[in-house]
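Student: Sequence:
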Amino acid sequence: MTPIASHPAQDADIPASGQTAHAAPIELQPVTELPTSDGALLAKRLDLIGDLKVRLRAIVGEGEVSVAELFRLKDGSIVPLEADTSPVIELQLDERVVARGELVVVEDKLGVRITEVGSVGA
Numbered sequence: 001m002t003p004i005a006s007h008p009a010q011d012a013d014i015p016a017s018g019q020t021a022h023a024a025p026i027e028l029q030p031v032t033e034l035p036t037s038d039g040a041l042l043a044k045r046l047d048l049i050g051d052l053k054v055r056l057r058a059i060v061g062e063g064e065v066s067v068a069e070l071f072r073l074k075d076g077s078i079v080p081l082e083a084d085t086s087p088v089i090e091l092q093l094d095e096r097v098v099a100r101g102e103l104v105v106v107e108d109k110l111g112v113r114i115t116e117v118g119s120v121g122a
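In case it helps, the UniProt record's numbering puts the sequence shown at residues 1 to 122.
Check each hint, because a few of them may be wrong.
[To be verified] Derived SDA-like pairs: lysine to any residue, alpha-carbon spacing no greater than 20 Å straight-line:
id: 1; residue 1: K53; residue 2: D94
id: 2; residue 1: K74; residue 2: G63
id: 3; residue 1: K109; residue 2: A58
id: 4; residue 1: K53; residue 2: L93
id: 5; residue 1: K44; residue 2: V54
id: 6; residue 1: K109; residue 2: P87
id: 7; residue 1: K53; residue 2: A99
[Stated by the list, open to error] Per label pair, the in silico range of CB-to-CB distance:
id: 8; residue 1: L28; residue 2: L73; range: 50 to 58 Å
id: 9; residue 1: D84; residue 2: K53; range: 28 to 36 Å
id: 10; residue 1: K44; residue 2: A68; range: 52 to 60 Å
id: 11; residue 1: L48; residue 2: A68; range: 46 to 54 Å
id: 12; residue 1: R72; residue 2: L103; range: 23 to 31 Å
To be clear, the hints were calculated from the coordinates, so they are not data collected in a lab.
Please read these numbers as outputs of a predicted model, since none were measured by experiment.
All residues carry an ideal CB built from backbone N, CA and C; glycine is no exception.
Let's have the full structure, built from the sequences with the hints guiding it.
Tutor: The structure is reproduced here in structure tokens:
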């Protein structure tokens, strides 16, 4: 096994085996005013984060079954969903609804055609 390189400046703060580390409290200054959106760090700078990927989840509906019913599930079983037959699909980002739409077929996969975006109530 190769030993990990040591950094003397960092090692000075690490107590030797059997010694107690000294911790000193720090005093934080209270923030009295939050920055306005005019000075936002990434305001109008989509070029900095535009290539980041986020995962959206398309929600058709939810269903509830007992544990016994769960263990009896097999091919062909049907789980009823607590959703009406409306074609509206919710798109979620981090469990928050960010858009709604309808299911469509895109080549050989499912997709969602957006019908409502932005501040949509859950």
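Student: All hints, please: hold or fail.
Tutor: Verification of the hints:
1. K53 / D94: It holds: about 13 Å lies between the C-alpha atoms, which stays within 20 Å.
2. K74 / G63: holds, 16 Å
3. K109 / A58: Holds, at about 13 Å.
4. K53 / L93: Distance of about 11 Å is within 20 Å: holds.
5. K44 / V54: holds, 19 Å
6. K109 / P87: holds, 17 Å
7. K53 / A99: Satisfied, since the Cα-Cα distance of roughly 17 Å is no more than 20 Å.
8. L28 / L73: 50 to 58 Å: holds, 53 Å
9. D84 / K53: 28 to 36 Å: holds, 32 Å
10. K44 / A68: 52 to 60 Å: holds, 55 Å
11. L48 / A68: 46 to 54 Å: The hint (46 to 54 Å, Cβ to Cβ) holds, given that L48 and A68 are roughly 52 Å apart.
12. R72 / L103: 23 to 31 Å: At 29 Å between Cβs, range holds.
Hint check: no violations occur; every hint is consistent with the structure.
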